[in-house]
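Asker: Sequence:
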Amino acid sequence: MVKSTRHAKYELYYHIVFVPKYRRSYLAGKTKERLETIFAEICEDKGLELAESEVMSDHVHLFIGSPPKNAPSLIVNWVKGISARKYNQRYDDRVKWARSYYVGTAGSVSKGAIERYIAEQEGEDA
Numbered sequence: 001m002v003k004s005t006r007h008a009k010y011e012l013y014y015h016i017v018f019v020p021k022y023r024r025s026y027l028a029g030k031t032k033e034r035l036e037t038i039f040a041e042i043c044e045d046k047g048l049e050l051a052e053s054e055v056m057s058d059h060v061h062l063f064i065g066s067p068p069k070n071a072p073s074l075i076v077n078w079v080k081g082i083s084a085r086k087y088n089q090r091y092d093d094r095v096k097w098a099r100s101y102y103v104g105t106a107g108s109v110s111k112g113a114i115e116r117y118i119a120e121q122e123g124e125d126a
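Numbering (full-length UniProt numbering), first residue to last: 1 to 126.
None of these hints come from the bench; they were simulated from the model.
Idealized CB from N, CA, C, for every residue including glycine.
Warning: the hint list may mix true and false statements.
What follows is a list of derived Cβ distance ranges for each label pair [claimed, not checked]:
| # | residue 1 | residue 2 | range |
| --- | --- | --- | --- |
| 1 | 91 | 121 | 46 to 56 angstroms |
| 2 | 58 | 117 | 34 to 44 angstroms |
| 3 | 29 | 69 | 29 to 39 angstroms |
| 4 | 9 | 112 | 18 to 28 angstroms |
Sequences and hints are given; from them, build the entire structure.
Answerer: The structure is reproduced here in structure tokens:
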């Protein structure tokens, strides 16, 4: 769904994948439920849309919608940093994330549609 700010219309979604440090398989049961809750809290606090989340035993998949003002790297830093901090403050067991991550964009418009739109804009400001 297309959203808007004062000056922009956007539909930006990021598929984010990251793993716990040392790729240990401990993100199950209560840990999984706690992390899903924390990810939802972070997205709500930061004005992001958590479209989908899946915490697997050894990695995390998040599908997050964001306004254009937020860089993908900033979103990843928020999610990983704040989730580890909140989890470790609230619970006795610890969560640490590896430094690396994957982020990919997802949208509903093809490259050809964008090229046509740009070509159509020529001359409209004149």
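Asker: Per the hint of 18 to 28 angstroms, is the separation of the Cβ atoms of residue 9 and residue 112 within bounds?
Answerer: 19 angstroms, holds
Asker: Check the following: the C-beta atoms of residue 91 and residue 121 are separated by a distance inside 46 to 56 angstroms.
Answerer: Hint holds: Cβ distance 52 angstroms, inside 46 to 56 angstroms.
Asker: Given the hint of 34 to 44 angstroms, check if residue 58 and residue 117 actually sit that far apart at their C-beta atoms.
Answerer: 41 angstroms, holds
Asker: When you take the CB atoms of residue 29 and residue 69, is the distance between them in 29 to 39 angstroms?
Answerer: 36 angstroms, holds
The structure shown violates none of the earlier numbered hints.
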